[in-house]
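Starting from the given sequences, assemble the full structure and let the hints guide the process.
Quick note on numbering: my numbering labels position 29 of the sequence shown as 29, and the sequence is numbered without any gaps.
Just so you know, these hints were derived from the structure itself, not from any lab. Please read these numbers as outputs of a predicted model, since none were measured by experiment. Check before you lean on any hint, since a few could be wrong.
Said to hold, decoys possible - Below 25 angstroms or equal to it, Euclidean Cα-Cα: the simulated SDA-like pairs (lysine to any residue) are:
{"hint": "1", "residue 1": "K53", "residue 2": "C77"}
{"hint": "2", "residue 1": "K72", "residue 2": "V39"}
{"hint": "3", "residue 1": "K53", "residue 2": "R22"}
{"hint": "4", "residue 1": "K33", "residue 2": "Q47"}
{"hint": "5", "residue 1": "K53", "residue 2": "L18"}
{"hint": "6", "residue 1": "K33", "residue 2": "I2"}
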Amino acid sequence: MIDVRQGVDAIDRALVTLLVERQGYMEAAARIKQDRDAVYDAARIEQVVDRVKTAARAAGLSEDIAEPVWRKLIERCIAHEFVAWDRIRKGG
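Here's what the structure looks like:
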């Protein structure tokens with residue numbers, strides 16, 4: 001069990017590193033998008049989720065894990081992008 005937990009912990013550290021990179025893209029999007037209404041894009045959300053589900057199937061990841069995880073990730077990334085968009089525009 002110790003080895004399993006160490007493996008999970010290593011994966012978690014790698015995921016944090018990847019999420020930092022993803023967050024950077026959300027901040028870049030906040031700088032690029034001139035209209036705050038463009039931050040939330042329902043069509044893009046579904047495109048991302050569809051691509052993730054396809055990748056999950058190909059890699060052997062359960063869609064029952066992948067889809068809700070990505071939907072929550074997208075939700076939180078959009079919330080972060082709104083904050084970044086407001087901060088950039090308000091000079092804060």
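Now the hints, each set against the structure:
1. K53 <-> C77: This hinted pair holds, its Cα atoms lying about 18 angstroms apart.
2. K72 <-> V39: Answer holds: K72 to V39 is near 16 angstroms, not above 25 angstroms.
3. K53 <-> R22: holds (18 angstroms)
4. K33 <-> Q47: holds (19 angstroms)
5. K53 <-> L18: holds (18 angstroms)
6. K33 <-> I2: Given pair K33, I2 is violated - Cα atoms ~46 angstroms apart, limit 25 angstroms.
The structure fails to meet hint 6 from the earlier list, while all remaining hints are met.
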